[in-house]
Amino acid sequence: MLTKRIIPCLDIRNKRVTKGVKFQNNVELGDPVTMAAGYCADGCDELVFYDITASAERRPIDIEMVKEVARAIHIPFAVGGGISTVQDMSRVLLAGAEKISVNSLAVMNPAIIAEGARAFGRQCIVLGMDPVRAGDLVRFPSGYEVTIRGFRERTGLDALAWAKRAEELGAGEIVVNSVDADGTRRGFELALTRLISEAVRIPVVASGGAGSPAHVVEVFRDAHADAAIVAGMIHTGEYTIQAIKAAMTEAGIPVRRVW
Amino acid sequence: MITIVDYKAGNLTSVRLAFEHLGVPVRVTDEPAQVRDAERVVFPGVGAAASAMATLGSFRLVEALRAVAGRGVPFLGICLGTQIILERSEEDGGVPCIGLIRGRVRRFEFDNPRIKIPQMGWNAVRRLRPHPLFEGIPDASEFYFVHSYYPDPAEPSERLAETEYGGFSFASVLGRQNVVATQFHPEKSGRLGLRLLSNFATWNGQC
Chain S
1 MLTKRIIPCL
11 DIRNKRVTKG
21 VKFQNNVELG
31 DPVTMAAGYC
41 ADGCDELVFY
51 DITASAERRP
61 IDIEMVKEVA
71 RAIHIPFAVG
81 GGISTVQDMS
91 RVLLAGAEKI
101 SVNSLAVMNP
111 AIIAEGARAF
121 GRQCIVLGMD
131 PVRAGDLVRF
141 PSGYEVTIRG
151 FRERTGLDAL
161 AWAKRAEELG
171 AGEIVVNSVD
181 ADGTRRGFEL
191 ALTRLISEAV
201 RIPVVASGGA
211 GSPAHVVEVF
221 RDAHADAAIV
231 AGMIHTGEYT
241 IQAIKAAMTE
251 AGIPVRRVW
Chain X
1 MITIVDYKAG
11 NLTSVRLAFE
21 HLGVPVRVTD
31 EPAQVRDAER
41 VVFPGVGAAA
51 SAMATLGSFR
61 LVEALRAVAG
71 RGVPFLGICL
81 GTQIILERSE
91 EDGGVPCIGL
101 IRGRVRRFEF
111 DNPRIKIPQM
121 GWNAVRRLRP
131 HPLFEGIPDA
141 SEFYFVHSYY
151 PDPAEPSERL
161 AETEYGGFSF
171 ASVLGRQNVV
181 ATQFHPEKSG
191 RLGLRLLSNF
201 ATWNGQC
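Taken in sequence, the protein lines are chains S and X. Residue 1 is where the first sequence starts when you use our numbering, and the numbers rise one by one after that. Residue 1 is where the second sequence starts when you use our numbering, and the numbers rise one by one after that.
Some clues are possibly wrong.
[Stated by the list, open to error] In the DMTMM-like style, the derived pairs of lysine to aspartate or glutamate whose C-alpha atoms are separated by at most 25 Å in a straight line are:
no., chain 1, residue 1, chain 2, residue 2
1, X, K8, S, E68
2, X, K8, S, E238
3, X, K8, S, D88
4, S, K15, S, D222
Treat the hints as calculated values from the structure; they're not laboratory data. If you're wondering where the values come from, they're calculated on a predicted model, not measured in any experiment.
With the hints as extra help, turn the sequences into a complete structure.
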């Protein structure tokens, strides 16, 4: 049986892992390569790195860091931030990443999804999306609007419609990061995750709000996520990946047992 | 020295880095002569069968791959490399393939829309027959898969291990004499994947 994946998320700012709440009040946590190796040893199934300042500083992603990570770990990892062209994608993949995550870029230029999927295979192209709850159900039938640029701009796109469009264009996976839940550590936005997971046939990764192993169990059991992103709850050392997997096993959710 | 065949189907960086990590010397090549003379071959790949076969043809690599496998040197297929060493793929309306192992490549078909395609993630690999490739790896360990098609070898004895997805079991490791092939990605499967690659690097090509 295919197991459910636990994916630590490492936000990178000036070559260091940081953690903020809703992209604010960032605290420095450590060296990305050391932290990635530690999470691998603890049994994580995949990793994601976001170069959170690359776009704002109008610079390309830190390729040297991607290469260092690829030499240190031998499980799949995705990279996002500072990618604007198919050439940028190619550099990241050739440095050893398995997947590229596009978010704001895909909203501004949806064709990049199709171009990336054609060039590298759809399994390499991850759509990241940051939906926020929206009251206007006429404009946003799903109840969620897609935001970009670190939640700062609204797009007028309905989250569910955008997810389906991205699947059609060739995205291989969708990371659904709830703006409302992000950084709160009060649990994933279950309704949003379930809505999107049930509407597309590609894997859906739940993100934003994980604060305890019980939250992770919930998003797999009740919202049909294929994978869950965790950050604050493990970065602080409060929980380990093994503790999360133990709770999942207890709840009958399949996990990778040997690593 | 391991020869990694580069036919522009996907990214070879992870495969190269995995062997470098193990201290095994590799060369990455698209030259038929180098493939033909190799002492040990890794044939990776990600993508579609038709374009892969077309590229192999244009690089004159199909005959070189048949020749090197025919010499009895240890040969490891990975993912798309595993699929196209069968005789034929159902992908793209049907594609004749290299034919090192008898059988076909078929598409996952599930009535239940909850079963996502591609299969993406870690799944258990259950052993059907012993093989030196599995040395030191606990049975039913999980490996990393990404695929929409699966290999279906004709000869039951050439199914070395199987994996269940969506209620259906497919051959996830194939083997015939000096040829072994995995549908999963050992180079991305952590410590146990590295162990499998290390086993391959020291295997004498006999079962």
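### Query
Are the Cα atoms of S:K15 and S:D222 separated by 25 Å or less?
Given that 25 Å is the threshold and the Cα spacing comes to 36 Å, the pair is violated.
### Message
Does S:E68 sit within 25 Å of X:K8, going by the straight-line distance between their CA atoms?
### Response
holds (24 Å)
### Task
Could you grab the alpha-carbon distance between X:K8 and S:E238 and see if it respects the 25 Å cut-off?
violated (44 Å)
### Query
Is it true that the CA of X:K8 sits at most 25 Å from the CA of S:D88?
holds (18 Å)
The structure does not agree with the numbered hints 2 and 4 stated previously, though it agrees with the rest.
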